Amino acid sequence: MGTKKENIKTKTLGWLSIPAFVLLFLLFLIPLCLTLSNAVYSAEGGFSFSSLFSTFTSPYTLHVLGFTLYQALLSTLASVLVGLPGAYILANYNFTGKRLVKAVSTVPFVLPSILVVLGFVIFYGNNGILNRFLMKLFNLSNPPLHILYSFKAIILAHAFFNFPIIMNLVSTYWEHMDYHCEQAAQTLGADSWRTFWNITFPRLLPSILSACTLVFLFCYNSFAIIMVLGGGPQFTTMEVEIYRRARVSMDNQAAATISIMSLLVTCLLLVLYTHLQKASVQREQFTSGNIKSKKTVQGFWSKFLIFLYSIACALFVLGPLTSVIVRSFMASSSRSGALQFSLKWYRQLFGLVKGTGNMGSALSALQHSMAIALLVALISIPTSLTLATALKRKGFWSSALELLGMLPMAVSSVVIGLGYYLISSRIHSSGYIMVVLAHLIIAIPFALRSVVPEYRKIPPNYLQAAHTLGADELRIFLTIEAPLLKNSLLTGAMFAFALSLGELNATLTLSNSNIVTLPVIMYQLIGSYNYQGACALGTILIVISVTVFLLSEYLKGKENG
Amino acid sequence: MDEKGLTCSIKASYPAFKLDVNFSVKKGSLSCIIGPSGCGKTTTLQLISGLIQPDEGFISLNGTDITQTAVNQRQIALVFQDYALFPQMNVQQNITYPMKLRKVPRSQMVERATMLLDLVSLPGYQKRRSSQLSGGERQRVALARALASEPELMLLDEPLSALDSQLRKHLRDEIRSLHDKTGVTMLYVTHDQGEAMAIADSIIVMNEGKIEQIGSPEEIYNQPQSLFVATFMGESNILPYDVIEQVLVSEGNDYVIFSPKDGEQTIFFRPELVTIQDDMSLPFPDYLPHLEFRNSSLLSCTFQGSFYYIVYRWQNYEIHATAQKRPKGPEATLGVRLTNILQFLDGKRIG
Amino acid sequence: MNKHHFVCVVLALVFACASISAQPSQEVKPETREITVYAYDAFCGDWGPGPSIVPEFEKKTGIKVNLVSAGDAGQMLTKAESEKAAPIADVVIGISNEMAGKAYESDLFASYASPMLTDIPSFLHFDEQNRLLPFDYGNFAFVYDTEKIKDDMIPHSLADLTLPKYKNKVILIDPRTSSVGLGLLLWTIEVYGEDNYLSWWKSMKDNALTIAEGWSSAYGLFTEGEAPIVLSYTTSPVYHVTYENTTRYQTLLFDEGHDTTVEAVALMKSSKHPELAKQFIDFILSDAQLKIALSNSMYPANSKTELPAAFQYAPKTEKNLTLDAKTIEKNLDRWLTEWEQVMSK
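Residue numbers (our numbering), protein chains in the order written: chain A, 7 to 567; chain B, 449 to 799; chain C, 104 to 448.
Just so you know, these hints were derived from the structure itself, not from any lab. It should be emphasised that the depicted structure is a prediction, and the values quoted were computed from it without experimental measurement.
Listed next, the in silico EDC-like pairs over lysine to aspartate or glutamate satisfying Cα-Cα at most 16 Å (straight line): (1) C:K205 x A:D257; (2) B:K459 x B:D503; (3) B:K551 x A:D197.
Taking CB as the label site, the calculated pair distances span: (4) C:E208 x A:S64: 18 to 28 Å; (5) A:L106 x B:S461: 28 to 38 Å; (6) A:H69 x C:L266: 26 to 36 Å.
So, partial list: chain A residues that the calculated Cβ filter (under 8 Å) puts toward chain B: (7) H186; (8) C187; (9) Q189; (10) A190; (11) Q192; (12) T193; (13) L194; (14) G195; (15) A196; (16) D197; (17) R200; (18) I205; (19) P208; (20) R209.
From the three backbone atoms N, C-alpha and C, an ideal C-beta is built for every residue, glycine too.
With the sequences and hints as input, model every part of the structure.
Here it is as structure tokens:
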């Protein structure tokens, strides 16, 4: 039984979210439906459910679905295990280089998965840096670590890719939790562990669940990582099945059928998740005054543990990343191919030396990528904010709409690509606009995951107080709610930027190769033997994203002081 | 040093001020720390509870030195201004939490929670969630929860500031009665003098990190040791010392020594001790040595319910007074008995 | 306050503009000498043959070419099919023999017996009706690292690769997600027949280091030294010789022959400028051959084309194996499913 306060209906600002929904509808829902409708239309043009039925009951497909869910679950757990300590450290301690850590940890996001795979191989592979180092160190003749081409490699790579999501989303939420509860628990007799477990963790749960959904969906739709690093077709996922039918067999009906099955499962999960999240959001007090002032690390054991954790993460994250960077500075000059330090690829990149094929256009690609990513990040702020207004209120519609906002992540990229085809031929508008909008749609789930939990925390008292002072809903929204969400909005924008920088599929499809972005060039380089060039581009991408993220961390930090 | 109760002597530095306090709280008493915002009251509580560490000093509770003890082992409960109820738990779970920590058997927990809820006048509230409670109810749950941990000392950090004045009065009395019923030593922080004086056994006045005075409410109010305490605890009249020459009326054998000193010398008296004589036919008795302020003109008169608060001007000074009746005319003579005058030199009490 | 409001308005405007500028495809006026050509990504990008041959053609004939990239070959076909009601393309470049069956079925392409066909050897002609005209071809083959595989270790056939001495030394590609992998699948069917090809794969399942999802990853793993043998093209060494000045990576020629992939150019039935389009097709089959071969790292279909010296490192096989287009189209899905069943155990 809610108090009277909760039942007072404040006029919803739902109308604010209309532009965003129109966008989602036209640029996402419609292409999706068009593609999926193939499932029920057979080649002859008849309408039938038989294809759907047989797919849903095929034991092989069910087996594949089972594996997909299984690896996604394990990967998510691994990401949480790795990411949660990091979130704790970031939320509660200050140390030099903290912003750098936050910035660097988001980099895996930016890189196209193919480069991630490459980085992994260079570092963890049988002939990789780690193995060669250990072989030299212990004078072995065979590589001691066989990490790759196995199931554990999949989990490892997924955790590498995704634990920063957990770390960043959860730490942002954690930083703003009311700290008095923890202090109260301590005075009542709870030690640090019990305080965390009884008091902090349950309140963190909404944001953890929120981040977990993202990670789960990511891993569910993962493609290159699973196939290359897994080592074989015994690790087949739904995405592979869809890809096979859409691209190789070119059987749109079959592709659509499997997509629907896959989509149904993810939608179910999403529904479950939103239900869980809403149920567990208690009225967490949103008081900026109670933010725990961050400690500097004290005590030997704390320092030691944090040090261990940092080393492990550094190996984890930096290992593959630095492999890519180091690789870009190597070129083989002699016949035997021994690699030596060289700036060759960079010279080609910047047009100083005539390069093979597309290296020369890297500069313009850089400009394109940056411009598009910045636009996407900027637009993501009002988009996610306005969408959040519609999601905040309880009720059936808001749940349905939240689902819609998450859908771009749940749908296979192959399917979306198919859909894009259908609309791109009908719309002759500037490639730029289409690409920006497509990136925006991909970014929306992330921005929402960052903003919505924070938004739900704002107690209705705020709004009611403002009401009594004479402010209408719009004013309240703009002057009170929005500023409170500044940090989560910035986090969401950061993710949007990262996603846009590293986005490949939509760009390729919608831009008719008129707009060339960095990932596109990277993709082409890799497709034409030039891995070092791709590594050089990857290095540039890494540098840019670290810089941009550092900047946004500074912007966030200014408010907290 | 009182073996029983809280004794502390701590120093700590902060950007805004340097904290240097030294005081005791008798076991079983209710003491108040009072002072303006930013004077270090909350910081003192946090230091005592162990949430922050002092630069130097010691804290001892019931004979045990707890300076190095961890927060959760000091058996000091802290009640916050914003209640800090655990949002994911209902009322009963909040209250039984400290009992859970102490491994109290379940049946006992429920029983004691019920008893505590009765004690704070919230019977039957077990299953409610904090979002369903009003401010006053939340505060009472917070009190019950603190009591559930059976603390040796209970710290209350401006627990009533967030409530409206009617509720505040009501709850402060409840807190006092709770204290009397349970006998728990309480240290209560507030910036509201009325609150402090109403319920405290002993008041500690703080300013800018230092203690100005410790004493019973009457002592603090009637015998302030500094101008700061004097003005902070209630309305005041402060006039320069040499005014006495002009207004002293003293007959008889009383021999008043007029001794001006170097430095800023002032006299002080409370408004309620001012007699307004606006009926010339009833002069102030001359045989009592007093200061007489003739020809004071009425500046304002506000009705406070149980009395009038009146401001007069005499020469260049304002004199505040209280009365049961509205003054009859625009002019009056004001009188203050010499025994009610306190002297201060450079802000410190003398004489 | 205004900042947020402002950006909302901007967003709405941007979207409005996008919609406004969305128009159904315009009819190209007959007077303009212009054709639209669909090609796959690699063809159109800076690194592909497109940017160099298109200006040459335009200069030579005065016909403007609107080169549109449409994904990979399969996506291209899908795109062309989806536009049946309002066709845009005049020419489609890059349909391969593996998808020929689907291409014929789509009924999108017109017969065109180009005069250049006489210069193209008959084994490359895969369509008697000349709806699909071959412009380049390649053979799938295994490429090896001469540093790691010495003469005594060189495999000479597909069967050799299943031997224990090659355990974890071979990188294969998944036929469900890659055209190169598909080529390998067809190759094994061509060599072992439908009844036996799966046993080769079964043995390779444990013997191979990994089965990558595409050529890029596979070759990347190879150059990183993860394994010394990788599935690729016979022309792969040409790149290393030309741009890296090394002969370290060599092709393995198997006596049993190699699967052939042939890329074709096709004239759309719906083209409004068939004469202009035909000129372009002829150009592709003649003058552009060298540039295409070099950029694509494939063999030119036109046998008259003179190849640079580096191409000596791309050995030509005597036996160019292919499967009939209809056979492929009819059975591909079943093969893939069978393959999947066997390999996922």
